Amino acid sequence: MGKQLKQKEPLNAFAIVMWVLGVLSLFPFIMMVVISFRASGDAYKPIFAPVSMTLKNYKTVLGNDNFFNWYSNTIVTVCVTIILRLAVTIPASFAFSRMQFKGRTIIWAILIATMMVPGETTMVPRYLYFKQIHLLDSIWVIILPEVSEVFYLMLLTEFFSSVPEDFLEAARIDGASNLRIMLQIFIPLSGASIATAVLFSFINIWNNFIDPYLFINTISKQLITPALKFFQERGGANIPMQLAGASMAIVPVIILFIVTQKYFVAGVSSSGIKG
Amino acid sequence: MAQITKKNEKSAYLFILPFVLMFVIYKLYPMIYGFAVSFLDRNSTKKLSSIDFVWFKNYINVLTSKTFWETLGRSFYFAAVYTVFVMFFGFLFGVLFNNEFKGRKIVRTMFYMPYVTNIIAIGIVFKYLLNPTKGPINAIFRLFGQVGPKWLSSPTMALPTAAVIGAWLALAFNIITVLAALQEIPKDLYEVAEIEGVSFTQKLWYIILPMLKPALFMLLTITVINSFKSYTTIVGLTAGGPGTSTRTLSYQIYEDAFTYMKFSIASAEGVLLTILIVMINNALNKVRDLWGNN
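Line by line, the protein sequences are chains A and B.
Going by full-length UniProt numbering, the first sequence opens with residue 1, and the numbers climb by one from there.
Going by full-length UniProt numbering, the second sequence opens with residue 1, and the numbers climb by one from there.
Bound conformation, chain B alone (with noise of 0.2 Å):
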């Protein structure tokens, strides 16, 4: 009878068909349509239906154009402070969270809160604490006397400080998972290391680190791709204000589309995104096979 399970199932298909079927038609043809628009000359309200093919025009503008590497770069920024942030403090408090202590599930709790809620309403509440002259973080600073950072309106502070927010919006997904790794270490290792009577930093060097390198290579994955997303983040907090400080590539596909109306630009710039991303995790890949092998 277990042959069943390996013939060719053909009901198999009705089983796959509603899923496959909402799939091509809300997000397989959009991706596909985006690819075309990318090649097309819809930059102006007009133009809005145009087929006009103009090849590589869109791109060549795009790649050619100051503001492109400038937003680029913003992304890089971005992803540089908000990847570092998440991978260290997801890292940290996962094996701080691995002792016990009393209260430790309320405490675990308090941490992870911040990421079921959206940046949109939490920008709310960050744009008044780090109001520059009023909000309650500065006044801190004055208390000692100093003056504390324009943070959210200051054309230097304002990306890093987004970068952070959106960080600590997320950082429970990285405290979980390392936590969960972390607990899948079988205990007899533990046992014979207090018996050794190895020192913290051993442990952390010679086994969690080990033991959670696949965990932890998943997730910087994960936390690098979702670093290039940063749109939401940057409307919620500075609107890619003051200025363009805080035009990140993926804000600037939103301005081209829907203030300045190209379509197509923003189309190829999307496109662009994506090859990022693909190589991003690509090169990922590689450095992880390549140390997987040692």
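Just chain A, with the same shape it has in the complex (with noise of 0.2 Å):
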């Protein structure tokens, strides 16, 4: 750790002032881990208590069929989503961004406008037509709604927009089509700005809880963040395990937002400032 800081920042009491606030901003998952190892007898003992640690919360956890479940529920559906996203956003953005036809304005002010309408307007109407169309209670109500997000639509548009017209002037003259120029030209160009969506996918997918909550039924088929609710009802008095249980749900999204949090900043200042 020691080895990543540069010399000339001080250590100050401005910087011990920072460090204390942050680790007050990480004290509720600092807890979280040190109580999953607890018995649950131990639970509210104090903090530096002399209490023997214990893997037996993990080992419930694990061991239960359904937890295996939810997490392999969890990453297809987070996997299929993101694969299908792109298909349908990367060559909607390229058209909005660098393509004139009749109608673009138009249909994009409708796709804006319907950003604010809140996900809990929809529910009972997406419960009932999804009920229709016999959808629920599989992965795929999930999946399929989640592909077309004006949100990414927004994020790759504005990347798109602002690559310089010089990359596709050469193109053009050569008489490459559009199709040639999105996939030779802009997609390998665009690495980071897919990356960002791929990412802001991911985190929003795995952490998506009314959908699954309200969609799906079957104990079996859900997924992992709406699980640890049902896993509360049932856990009952017990709560190192239900900690367990909430860590082994953040565990891949926070070891993925560390390694790329690059591009998770990148991310949020785009759509922050622009948007």
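Note that these hints are calculated values from the structure, not bench results.
Model, not experiment: these values are computed from the prediction.
No incorrect hints appear here.
Listed next, with one range per pair, are the computed distances between beta-carbon atoms:
hint: 1; chain 1: A; residue 1: I106; chain 2: B; residue 2: I137; range: 50 to 56 Å
hint: 2; chain 1: B; residue 1: E194; chain 2: A; residue 2: W140; range: 56 to 62 Å
hint: 3; chain 1: A; residue 1: A87; chain 2: B; residue 2: K46; range: 38 to 44 Å
hint: 4; chain 1: A; residue 1: I106; chain 2: B; residue 2: K213; range: 26 to 32 Å
hint: 5; chain 1: B; residue 1: L63; chain 2: A; residue 2: W140; range: 36 to 42 Å
hint: 6; chain 1: B; residue 1: P242; chain 2: A; residue 2: I75; range: 33 to 39 Å
hint: 7; chain 1: A; residue 1: P50; chain 2: B; residue 2: K134; range: 15 to 21 Å
Facing chain A, a subset of chain B residues (Cβ under 7 Å, in silico):
hint: 8; residue: E9
hint: 9; residue: A12
hint: 10; residue: F23
hint: 11; residue: F111
hint: 12; residue: V116
hint: 13; residue: I120
hint: 14; residue: A121
hint: 15; residue: I253
hint: 16; residue: A257
hint: 17; residue: F263
hint: 18; residue: A266
hint: 19; residue: S267
hint: 20; residue: G270
hint: 21; residue: I277
By construction, the Cβ of each residue, glycine as well, lies at the ideal position given by its N, Cα and C atoms.
Assembly of the complex is requested from the two constituent chains, each provided in isolation within its own frame, with the hints serving as guidance.
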């Protein structure tokens, strides 16, 4: 850790205050991990009390058949959604940023306007509609509606618009089709922005609660985040075990975030400032 | 050759078709359907596919019920606490992180981490930490001979407590945006300020705030809109309780639909929530335009 620090940065009172606040912000996570290693009866003993650590909670959590199902359901849902999302969003973003067509402005305006409609508003109609078309109780009820998210269309359109026109000039003179320009010029140039979209998608779908909670009933078909809720209801008073489940549920996103923080910050900054 | 980009390119429709198709089927249609359901009489399990058109009956029922105005009031209370917390600390930490210090990157990661997790997982640990009798937070109060509040179990404290926890989880977005906007301020502005020997307060008031106005307004709009989508936070922390003390409008929609099976009533409430969000958005845009002209 110390090796990464530059010499010129001062370690002064300000730095110490910031470190303390940082640890304070992490406090809930620290407690989550610490308590998850305690026996059920020791949950509320003081933080520094000499209690023995146990792996029992993690064994219980991982030993649960459903826990493996929730994990694999979530990973499949996340991966399939990301692939389909990119497949429809990249061409659409390319068209909105680089092509002229009738109705472009009005279609864009409608898409953006729908972003203001909260998920709560469409809870009921989505439930009734997905029931009618027999989509309930499978991961497709999560995947299909997530494919065309306007947020990602905005994000990629923004990125594509910033590619200098010079890159296209030569290809257009050679008579390259739009499809070729997109595949051979835009996609290779947009590695970082596509990575940002993938990262955001991963985090959002992983943390999605409302949709799977409402639309998936069979416990073995559930995803990890809403499954924690069922876990709480059934796990009863065993708080350390619930915390072990919660830790297991957020570990993948936290690791992913730490590894890819650069793209995460770039994504928030660009959707924030220009948005 | 430049004209090529100007003409109507029919192939563009093929590029947008998959996105638009999925959008219409899975996003737009449910919105229109929900609007339609709010005028029907699907208010019990038996009438799930009823097509009786009842005009504005559901809206009248909602708008004349005491419950609606109570839930709306709670929504505003939640929104106010949430927005003030996120805007204030987002700005504060954005400004603080704009200074060099040892380990800045690591500390920043610590602050961003809550944002990538979710309230369902985090809710479990907060319910533990804030347990009124046994929890570690109230143990600190006892250390000083005080009796701590009941937090999420108190009818008066539960809603603001939930709002603050929800805000803490969302804070990183504002910090990152403020930080990015600060870094776009031209360095020479600061240099001039250094030479003139202005104080930090003057720098804040005459350089930082005016330069950050567009970013802060955008953040305010996003934050306020998000603050009315409190459903997940409430489910993760209090499930509407104790009693009905944390039932916000967004949570009430869920209750009316999936506990009481009043689908049309819930749809009407959903439409009203959308109207509310659109009105707030428009009001904030108006304020921004007025300020922008000065």
